[in-house]
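Assemble the whole structure, with the sequences as input and the hints as a guide.
Residue-level listing of the chains:
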Amino acid sequence: MSLDRSRAPEAGVARGLQIPRPERHRLPNEMMVAAVRRPRLPEATVSLVLPAGADSTGPNQSGLASLVAKVLPEGASGKSSREMATWLDGLGVHLGVAVGYDSMIVRLHTLSGQLAPALDALAAVALEPDFPPDEVERCRSERLDAIRRLKDEPADVAADVLAELLFADHPYGRLTRGREDTVESLAREDLAGFHAHRFSPRAATLVACGDLPEDFSDLVAARFGDWWGEAVDTEPPAPARRVANPGIVLVDRPGSAQSEIRIGGIGLRRGDPDEPGGRVANAILGGLFNSRLNMNLREDKGWTYGARSTMSMRRSPGPLSLRAAVETAVTGAAVQEMLREVRAMRESPPTAGEMRTASGALTRSLPLRFETNAQIAGTIAEQAIYGLPDDYWDTFPSRIEQVSAGEVQDMALRLLDPDDLAVLVVGDAGAVLPGLEQLGPVLLRDAP
Amino acid sequence: MILQPDRSSPVVAVHVMYHVGSKDERPGGTGFAHLFEHLLFQGSEHVEEAEHFRLIQEAGGTLNGSTWFDRTNYFETMPSHQLDLALWLEADRMGWFLPSITQGKLDNQRDVVKNERLQSYENRPYGLATETALHHAFPAGHPYRHPTIGYMEDLDRATLDDVRRFFRTWYGPENAVLAVCGDFDAEDALRRVDRFFGEIPRGDSPVRSAMAQPAGGAPEVVRLEDSVSVPRVYMMYPAPSFRSDDYETSALIASVLAGGRSSRLYQELVYERRIAADVHAFVWPLEDVGMMWVVATARPGVSAEALRAGLDETLGRLADRPVTDEEVSGARRRARRQLLLQLESVGGRAGALALAAVVRGDPEYVNDAFDRYGAVQTTELRDLAPRILVEERRTVVDVVPLAPRESSKPSPEVLP
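Chains F and C, in that order, are what the protein sequence lines are.
So the first sequence is numbered by the numbering used here: it starts at 1 and just counts up by one.
So the second sequence is numbered by the numbering used here: it starts at 1 and just counts up by one.
What the hints contain is simulated information worked out from the structure, not anything from laboratory work.
Owing to the predicted nature of the structure, the values given are computational and were not obtained by experimental measurement.
Heads up, the beta-carbon is just placed ideally off N, CA and C, and yes, glycines get one too.
It is possible that some hints are incorrect.
Simulated restraints on C-beta separations [what the hints assert, rightly or not]:
| no. | chain 1 | residue 1 | chain 2 | residue 2 | range |
| --- | --- | --- | --- | --- | --- |
| 1 | F | Val-243 | C | Asn-367 | 55 to 63 Å |
| 2 | F | Arg-15 | C | Arg-168 | 37 to 45 Å |
| 3 | C | Pro-401 | F | Ser-312 | 26 to 34 Å |
| 4 | C | Gly-65 | F | Ser-312 | 21 to 29 Å |
| 5 | F | Asp-300 | C | Ser-120 | 17 to 25 Å |
| 6 | F | Asp-226 | C | Gly-316 | 16 to 24 Å |
| 7 | C | Phe-282 | F | Pro-28 | 43 to 51 Å |
| 8 | F | Asp-300 | C | Asp-161 | 21 to 29 Å |
| 9 | C | Gly-65 | F | Val-243 | 40 to 48 Å |
| 10 | F | Leu-3 | C | Arg-165 | 22 to 30 Å |
Here's what the structure looks like:
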């Protein structure tokens with residue numbers, strides 16, 4: 001049969017995706033264990049998921065969760081920082097502590113031959129951290145250095161200022177690493193207290209995926225069975241109240257080769273009934289390569305290496321933001337085009353083609369979300385953090401496919417009011433100010 | 001062509017790697033291989049402009065491409081029943097690219113690439129350090145002397161004729177490796193590949209000049225001012241290439257130096273002396289001349305000179321305090337663990353197979369690598385380390401803070 005190259009080939013028959021279901025059980029201390037055995041390669045990933053994210057601290061303690069995460073491996077169960085490092089590196093284990101707004105995850109990756117001692121290390125770090133005073137001080141001063149160096153990177157400055165413009169004193173108003181003043185004031189007792197209150201088996205989930213032995217649950221019970229703790233308040237923070245819009249905010253970075261532009265509002269929480277509509281709207285506006293923002297600013301104008309939008313769905317509504325780094329000369333015009341795309345989303349529903357692309361990208365990509373052990377463990381962790389039902393991903397495609405073009409327009413009307421969006425530019429003020437002032441009042445401010 | 005069936009997930013990766021990179025650019029034409037890579041996403045005879053990305057994403061796939069010194073690659077991961085779509089798109093741009101190219105597409109992507117250079121290099125702290133080191137490490141005319149992103153003025157010079165010539169020279173099937181990994185039946189996939197690619201004629205069969213000579217090293221420390229708040233030191237040593245039998249040993253040396261928090265540089269500079277905020281050591285899997293990089297960021301108040309002296313003291317101690325069995329055992333395990341992470345996904349595996357085939361001429365390397373890392377002996381690290389870490393052959397770039405620049409802005413109204 002001859003090949004007609006003029007049209008894309010038909011898809012074959014999809015082989016059904018079996019979304020891995022973990023084996024779950026609770027230890028007597030109430031810790032949840034969720035494990036997926038996949039003996040394909042001699043490796044495994046194990047995560048301890050804890051309700052100890054940056055959203056569980058007040059604004060004057062911003063950076064606390066993140067500093068706890070940094071100090072945890074620096075001395076535990078009587079082993080010094082150096083002894084811990086030598087132990088882990090000798091095993092070849094990677095052990096890291098990740099902090100988001102929603103959770104803290106102590107995560108390890110190991111060759112399966114070293115799984116048992118790797119679990120020893122995980123239990124030591126998570127359950128018996130010593131918070132040695134000199135390590136706390138060293139970590140604090142390293143963190144302060146890093147916060148000060150953040151000013152070097154315009155994209156980081158933009159992220160920090162946008163968070164503040166949108167969320168002010170809400171926990172989402174600071175980057176998870178915190179600010180200089182709050183990190184300076186944290187005492188060792190604050191760190192140890194945070195650990196004592198937020199790390200408890202009654203609110204912890206251990207997720208494992210990979211080449212796990214038959215007796216994996218025994219290995220876990222032997223290390224985590226004697227861990228006892230109080231109930232933990234796991235209520236998400238109250239939704240933020242949008243602060244008054246200050247107009248266009250400009251952070252001067254003299255000599256910048258480009259301007260970092262952010263336009264943002266508040267989006268949805270994870271699990272919001274409108275989540276499917278929000279996802280489709282974001283995909284069409286700036287979530288895909290062929291989105292409106294990227295096609296306009298990159299593929300049509302050539303002003304940027306890429307323009308996109310992101311909706312960060314957290315336990316409470318997080319930011320919905322548009323971003324692009326553009327050459328300095330077109331800064332004002334680029335802001336104008338981005339706002340024009342926002343208005344267009346509100347003025348009419350997307351085309352059938354746009355709906356098809358967005359829906360296809362969101363639903364047909366599911367097999368790619370469940371390929372690796374880390375992805376599978378991540379999905380199970382996510383389910384624990386956001387309280388998603390077991391069949392969340394099974395029903396995900398049909399929920400996306402039910403979104404209508406009208407609902408997408410409704411989402412834009414609800415979430416993307418141009419008069420209410422924060423507009424932020426980090427760039428060379430002398431060069432970009434005249435162009436921006438044509439769009440409205442501009443407020444100059446310093447980097448945090 | 002490399003087919004690696006793996007039915008464990010309903011996904012498939014298609015990876016096309018062309019044996020051409022920035023090292024094949026002409027003088028005055030730096031950045032062209034990468035600019036060309038961008039153009040290959042702009043459609044081909046049967047694929048409309050902007051359709052390439054749309055078709056893949058709408059089908060649930062992911063895609064990208066990248067350019068490096070030795071090679072350029074284009075890759076997709078798809079739900080497995082969409083294998084034909086990826087093969088059709090890759091075949092179309094391999095066989096039917098030239099009719100689609102226009103001056104408008106070239107100009108647009110030239111602007112995009114210039115913005116990529118601005119965003120990822122010029123406007124990023126320390127973003128120009130690597131290209132500065134390469135420029136001083138290699139003699140004029142050396143293929144590794146310039147960065148893949150290229151220089152602005154050279155990007156401006158690229159013409160449609162250059163595009164056509166480059167395509168005819170380098171983008172024939174005889175200069176490409178196709179790796180397909182994932183959920184398919186090998187015989188069926190072979191038929192599909194033949195159907196889409198079989199009729200594409202050979203290209204000009206490029207002739208590449210002889211292997212490039214190693215870096216000479218720069219006698220003087222190069223000082224680069226940047227808008228950063230603390231200095232960072234970059235040291236580049238010529239090292240075994242990815243083709244060398246010593247490549248894995250060189251990677252383990254880098255791991256012993258800075259591969260974990262217990263590593264020598266990390267312990268001494270970050271923990272004990274507290275003069276560095278971070279330190280990294282790594283090797284690049286290059287075809288002609290390998291490179292080992294040692295990079296450290298100073299803590300506030302520490303000069304580049306003091307940091308460099310600290311690095312040299314620790315590196316110098318390798319002579320009287322040789323690498324131990326314990327250090328090597330940990331490094332071997334870390335290397336094997338990282339290798340498994342890379343090979344776990346069909347995309348990572350297809351990329352590794354293609355690179356081994358293109359650079360080493362041997363995709364079987366991917367099967368052997370786990371054992372090769374496991375077999376490296378302590379004595380091999382002890383022998384090789386002093387041959388790589390030669391002060392006279394290295395190139396050093398100190399990136400130091402720029403004196404504060406006066407803004408041209410009007411007096412600011414500053415918020416608290």
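Now the hints, each set against the structure:
| no. | hint | in the structure |
| --- | --- | --- |
| 1 | F:Val-243 - C:Asn-367: 55 to 63 Å | 58 Å, holds |
| 2 | F:Arg-15 - C:Arg-168: 37 to 45 Å | 40 Å, holds |
| 3 | C:Pro-401 - F:Ser-312: 26 to 34 Å | 33 Å, holds |
| 4 | C:Gly-65 - F:Ser-312: 21 to 29 Å | 28 Å, holds |
| 5 | F:Asp-300 - C:Ser-120: 17 to 25 Å | 21 Å, holds |
| 6 | F:Asp-226 - C:Gly-316: 16 to 24 Å | 48 Å, violated |
| 7 | C:Phe-282 - F:Pro-28: 43 to 51 Å | 46 Å, holds |
| 8 | F:Asp-300 - C:Asp-161: 21 to 29 Å | 25 Å, holds |
| 9 | C:Gly-65 - F:Val-243: 40 to 48 Å | 42 Å, holds |
| 10 | F:Leu-3 - C:Arg-165: 22 to 30 Å | 29 Å, holds |
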